[in-house]
Amino acid sequence: MPTYTLKINGEDRSVDVSSDTPLLWALRDHIGLVGTKYGCGIGQCGACNVHVDGNAIQSCLVPVAQMEGKEITTIEGLSEDGTHPVQEAWKEVDVPQCGYCQAGQIMTASSFLDKNPNPTEDEIKSAMHGNICRCAAYNRIQKAVALAAEKIAK
Amino acid sequence: MSTTISNSFSRRAFLRTSSLAGGGMLIGFNLFTACKNEAKMPVDIASLNFNDFNAFIKIADNGMVTIYSPNPEIGQGVKTSMPMIIAEELDVPWDEVHVEQGILSTKDYTRQVAGGSQSIRHGWDALRQTGATAKQMLINAAAAKWGVDASECTASGGVITNAKGETLGYGDVVKEAAILEIPDEVALKDPKDYTIIGTDAGNVDIEKIVTGKPLFGLDYKTEGMVIASVLRPPSFGKKLESFDDSSVRKMEGVIDVIRFGDFKGGGDKIAVLANTTWQAMKAKEALSAEWSDGTPMESTSNHDKLLTDLLDGTSFNTLRKDGDVEKAFRNADQVVERTYGSPFLPHNCMEPMNFYADVSANKIHLVGPIQTPERTAARVAELLERNSEEVHLEMTRMGGGFGRRLYGDFVMEAAEISHLAKKPVKVVYSREDDMSAGIYRPAIKYRIKAALKDGKISGYHLKEASINSNMYGLIPNFFPAGALENYQVDVAKYDSNITTGAWRAPYTNFLSFAEQSFFDEIAETLEIDPVQMRLDMLQKVKGTTDERIQYSAERMEDVINLAVEKSGYGNPKDGVYQGFCAYYCHNTHVAEVADVLIENNEPVVKKVIVAVDCGIVVNPLGALNQIEGGVVDGVGHAMYGNFTFKDGAPEMNNYDRYRLIRMKEAPKVETHFVKNTLSPTGLGEPTLPPAGAAVSIAMKKATGNRMYRQPFVENMVEKEIIG
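Protein chains in written order, with the UniProt record's numbering: chain A, 1 to 154; chain B, 1 to 723.
Bear in mind the hints are in silico, worked out from the structure with no lab data behind them.
No false leads were slipped in.
As a list, the in silico SDA-like pairs of lysine to any residue whose alpha-carbon atoms are at most 20 Å apart:
1) K143/A to H672/B
2) K668/B to A146/A
3) K250/B to P2/A
4) K213/B to T73/A
5) K213/B to P85/A
Could you build the full structure based on these sequences and the hints that come with them?
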């Protein structure tokens with residue numbers, strides 16, 4: 001099996017995997033970062049979203065072979081101690097029910113707010129539309145993204 | 001004012017205490033039953049076996065309190081709200097309380113199940129009394145130490161104070177308290193003195209959730225564990241004829257390929273074992289198998305016909321019959337009959353089904369997300385012909401339940417594969433596996449017929465035709481039962497190969513839509529206000545002596561009036577179309593008003609106003625989350641949920657073809673609680689059933705189209721929207 005060097009959360013990590021292995025499974029099964037979740041495997045639910053060079057992407061769709069030389073950030077690396085404004089907002093609003101989709105939601109929201117720190121309600125809704133929450137905590141997700149934007153503005 | 005309560009079963013019998021070897025006091029208690037005489041308290045935390053007790057509280061000698069929470073957490077928040085109730089009566093600061101999930105080791109764990117929104121309702125008395133008893137024992141120990149009467153001492157915030165103002169922390173007296181006699185009676189707090197119950201407590205796992213810590217079954221891992229991906233029959237009813245695994249065995253990471261399913265080395269499933277999840281999934285996809293048709297393959301079009309035939313036929317069971325509906329129909333001024341249809345629905349928990357099993361010579365170790373640990377552990381023991389004492393089942397946090405994780409089919413699979421492979425194995429479903437090997441909400445049709453006379457409903461006959469099973473328990477006694485002189489509920493079912501089971505708010509999730517839409521149409525026919533029609537009907541229920549009627553006319557009036565007041569029902573703003581629904585299920589009374597607008601020539605559900613009577617609200621923050629989720633889930637599945645079969649196989653198996661509600665479609669949910677001090681009832685389910693009904697009635701006003709089938713989105717394309 002080929003060896004790939006991935007830059008994850010600021011550290012170089014080597015993985016021995018077949019070239020078609022999705023980043024999602026390299027993270028979960030080889031590197032031991034299980035915060036990134038498997039939901040659908042076809043890029044429809046957003047549970048596996050991570051940042052690649054600052055953009056939120058579905059890690060179930062991208063093979064490891066394409067990830068060398070890119071800056072990958074997972075939920076574990078979003079902040080050192082869970083204090084990223086989006087994480088803080090998520091805690092304050094108490095968003096999760098089952099909690100499974102939340103890492104993906106947070107990664108989508110944080111990448112979105114990096115690009116648009118002062119979004120309208122409709123922009124928040126559009127940005128988060130790709131992430132499914134089966135518990136349907138959408139009211140709180142929307143509220144937490146708006147709160148995170150406020151925190152970032154301070 | 002506090003109340004002194006002794007239980008119907010003696011306190012002595014449902015809780016016990018002991019000293020811990022390493023220091024501290026341990027309280028073991030049972031939520032719904034007495035302890036067995038031979039029940040023994042463990043002396044260290046490692047041997048909490050939950051054999052004789054539902055749950056334990058440890059009070060350490062530094063005063064820290066750890067609750068080994070009994071109930072599985074599926075996102076409904078009981079891991080937070082149940083310990084809140086104990087902490088309230090024990091009188092300790094909430095931030096000094098830690099909660100750990102109990103580990104199941106035997107089959108005797110009473111109601112260790114998350115389902116039916118019953119966790120809080122059933123636990124309310126026992127949890128309060130356990131907390132209050134522990135507090136009294138600590139006070140008694142401190143009083144003895146001071147040489148004063150216990151009645152001169154008070155306790156609050158984990159500190160005991162005597163008349164002189166001297167204080168002792170709980171931790172200072174745990175050693176003495178642990179060996180005291182358990183008091184026969186203890187005082188419970190007056191709800192107005194609550195400092196924890198009724199306050200907002202966040203999810204206990206929130207820090208771990210937002211930082212991506214391993215919590216879920218899919219995150220669980222042990223040394224030497226392999227992943228199993230399972231090829232199951234592609235259609236319900238097909239049998240495995242043969243398979244060729246020669247090329248699959250050569251694939252990277254593949255360890256073994258095992259036929260299983262009957263616990264005898266045969267069966268209709270094939271497990272592909274590999275080192276990693278991706279390798280296992282890929283190899284399973286590459287496996288080729290031949291299947292035979294055992295029975296005719298079912299499809300949605302023949303289900304549709306079969307259910308209609310059942311409704312047209314005579315093979316019904318009568319679940320409730322009051323008066324004489326036939327006579328009412330003969331004497332009616334007018335008869336209205338409508339038929340409502342719903343599809344199968346998959347649960348679609350975001351965390352696909354998975355379970356870990358390590359079946360070895362003297363122990364069966366099971367780990368993962370399951371709503372029914374005790375039943376499942378017993379079934380594994382039975383199927384592997386092992387002693388139930390050997391089964392150790394550990395629960396993880398669950399990435400959703402919705403009823404799917406009541407069923408242990410995936411645990412059985414993991415146990416059988418581990419048994420055959422002689423290895424620790426984790427079975428992992430792909431999304432496609434999860435959606436196509438489901439235990440679905442059955443497709444159902446209701447036909448409702450009402451006799452109208454003198455401007456009122458004089459007879460009501462509801463018929464249910466369902467796949468595999470029918471409504472059960474008290475459902476036939478829900479409103480309008482008790483409100484009508486002549487009332488009858490009949491059910492019939494068709495036995496299918498397709499596996500079906502409980503789905504969030506079983507039966508009522510669709511029955512509510514059918515009945516409440518029907519009432520709206522009746523009110524329209526009679527040219528009366530639909531809300532007033534409900535209120536008038538409820539009058540007959542007041543003071544009923546019929547014990548089957550468990551909903552309360554008064555509590556129903558309260559939620560109806562509150563929903564009307566808060567939504568401005570009857571006087572909507574320009575361009576807003578409102579649909580009203582009131583419903584009782586899972587012991588909770590709910591009324592909802594949906595606001596629908598027309599945007600870009602399409603009806604849009606903007607807002608749902610909810611009035612809820614669930615008694616005392618233990619954790620408002622968690623309660624609101626359940627209510628909001630229940631409503632949006634109810635709207636989502638009524639609008640979009642469609643799951644069809646062809647040749648025995650589901651026609652959709654992932655989110656590209658199966659539509660779940662998303663952010664832009666989610667209405668804003670505005671919740672109002674009826675304030676009272678009645679015992680709390682659950683919230684995981686009751687707000688879901690009314691949502692679809694409220695939306696469909698608002699849609700009717702907005703578009704002129706009345707919905708008789710779910711999902712609505714399929715109906716909406718058929719007719720021109722009038723706006």
